[in-house]
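If you read the protein sequences in the order shown, they are chains W and Y.
Take the first sequence: its letters are residues 3 to 114, numbered as in the numbering used here.
Take the second sequence: its letters are residues 308 to 422, numbered as in the numbering used here.
No wet-lab data here; the hints were simulated from the structure.
Among the clues, some could well be false.
Claimed, not checked - Okay, derived cross-link-like pairs now, SDA-like style, lysine to any residue, Cα gap no bigger than 25 Å in a straight line:
{"#": "1", "chain 1": "W", "residue 1": "K5", "chain 2": "Y", "residue 2": "P410"}
{"#": "2", "chain 1": "W", "residue 1": "K5", "chain 2": "Y", "residue 2": "H412"}
{"#": "3", "chain 1": "W", "residue 1": "K54", "chain 2": "W", "residue 2": "P9"}
{"#": "4", "chain 1": "W", "residue 1": "K71", "chain 2": "W", "residue 2": "V57"}
{"#": "5", "chain 1": "W", "residue 1": "K71", "chain 2": "Y", "residue 2": "P410"}
{"#": "6", "chain 1": "W", "residue 1": "K71", "chain 2": "W", "residue 2": "T7"}
{"#": "7", "chain 1": "W", "residue 1": "K5", "chain 2": "Y", "residue 2": "V404"}
{"#": "8", "chain 1": "W", "residue 1": "K56", "chain 2": "Y", "residue 2": "L403"}
{"#": "9", "chain 1": "W", "residue 1": "K5", "chain 2": "Y", "residue 2": "G408"}
{"#": "10", "chain 1": "W", "residue 1": "K56", "chain 2": "Y", "residue 2": "Q409"}
{"#": "11", "chain 1": "W", "residue 1": "K56", "chain 2": "Y", "residue 2": "P410"}
{"#": "12", "chain 1": "W", "residue 1": "K54", "chain 2": "Y", "residue 2": "P410"}
{"#": "13", "chain 1": "W", "residue 1": "K56", "chain 2": "Y", "residue 2": "G408"}
{"#": "14", "chain 1": "Y", "residue 1": "K364", "chain 2": "W", "residue 2": "Y34"}
{"#": "15", "chain 1": "W", "residue 1": "K5", "chain 2": "Y", "residue 2": "L346"}
{"#": "16", "chain 1": "W", "residue 1": "K56", "chain 2": "Y", "residue 2": "L346"}
{"#": "17", "chain 1": "Y", "residue 1": "K318", "chain 2": "W", "residue 2": "Q40"}
{"#": "18", "chain 1": "W", "residue 1": "K5", "chain 2": "Y", "residue 2": "G349"}
{"#": "19", "chain 1": "W", "residue 1": "K5", "chain 2": "Y", "residue 2": "G347"}
{"#": "20", "chain 1": "W", "residue 1": "K56", "chain 2": "Y", "residue 2": "H412"}
{"#": "21", "chain 1": "W", "residue 1": "K5", "chain 2": "Y", "residue 2": "S402"}
{"#": "22", "chain 1": "W", "residue 1": "K5", "chain 2": "Y", "residue 2": "P368"}
{"#": "23", "chain 1": "Y", "residue 1": "K318", "chain 2": "W", "residue 2": "D33"}
{"#": "24", "chain 1": "W", "residue 1": "K5", "chain 2": "W", "residue 2": "D33"}
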Amino acid sequence: LAKTTQPISMDSYEGQEVNITCSHNNIATNDYITWYQQFPSQGPRFIIQGYKTKVTNEVASLFIPADRKSSTLSLPRVSLSDTAVYYCLVGGDGGATNKLIFGTGTLLAVQP
Amino acid sequence: GAGVSQSPSNKVTEKGKDVELRCDPISGHTALYWYRQSLGQGLEFLIYFQGNSAPDKSGLPSDRFSAERTGGSVSTLTIQRTQQEDSAVYLCASSLVGGSGQPQHFGDGTRLSIL
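Produce the entire structure from the sequences given, and follow the hints as far as they go.
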């Protein structure tokens, strides 16, 4: 299982772009990189997933360098409602189960 | 709605009682997962279903925990003789199929409190 390391917390202000970087030095060839967002009293919500280079959807972008040993989640122009815990996950368990191994995540606090 | 639905949203029960937690996955999703999140902790995998079969039960903490899935859809997680350490949020997730690269979609969980 590829271990991930991400900051415990980050602070930002409304309207700013936020970049959260995750390190995963032991990523395997067939591992995907997936980010989830979790608000209090809710289940994690899938944000974005990528394998290499850059992926963009309506809420975020995911940048993955060529060596895939890290990834950066970019949230454009955050608002107060983006305050949440963001989890970076790599691959699954390497087998057919794909059970997710969540770390402690990054608590993003957006202030006015 | 079209998302994963869990019931009840909250459950309070006395130590020693049995509880059943229900999960309705997204229609058409063949893979279903149960996780547990304790206060201030990360998510802990419990069990994985592919269709009605559970090829991976490795996360179930004891034989008091069991789960089943019927019709390739609804799943029930049962905890017998509940203990206080079972207090947690129990989350269900589904994906189109199992395997890496398949995003999992979570319900909002059942908050279980054992008195």
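Hints, one by one, checked against the model:
no., hint, verdict
1, W:K5 - Y:P410, "holds (18 Å)"
2, W:K5 - Y:H412, "holds (22 Å)"
3, W:K54 - W:P9, "holds (22 Å)"
4, W:K71 - W:V57, "holds (16 Å)"
5, W:K71 - Y:P410, "holds (20 Å)"
6, W:K71 - W:T7, "holds (11 Å)"
7, W:K5 - Y:V404, "holds (24 Å)"
8, W:K56 - Y:L403, "holds (24 Å)"
9, W:K5 - Y:G408, "holds (17 Å)"
10, W:K56 - Y:Q409, "holds (18 Å)"
11, W:K56 - Y:P410, "holds (17 Å)"
12, W:K54 - Y:P410, "holds (16 Å)"
13, W:K56 - Y:G408, "holds (16 Å)"
14, Y:K364 - W:Y34, "holds (23 Å)"
15, W:K5 - Y:L346, "holds (22 Å)"
16, W:K56 - Y:L346, "violated (34 Å)"
17, Y:K318 - W:Q40, "holds (21 Å)"
18, W:K5 - Y:G349, "holds (14 Å)"
19, W:K5 - Y:G347, "holds (20 Å)"
20, W:K56 - Y:H412, "holds (22 Å)"
21, W:K5 - Y:S402, "holds (22 Å)"
22, W:K5 - Y:P368, "holds (23 Å)"
23, Y:K318 - W:D33, "violated (37 Å)"
24, W:K5 - W:D33, "holds (12 Å)"
In summary, the numbered hints that this structure violates are 16 and 23.
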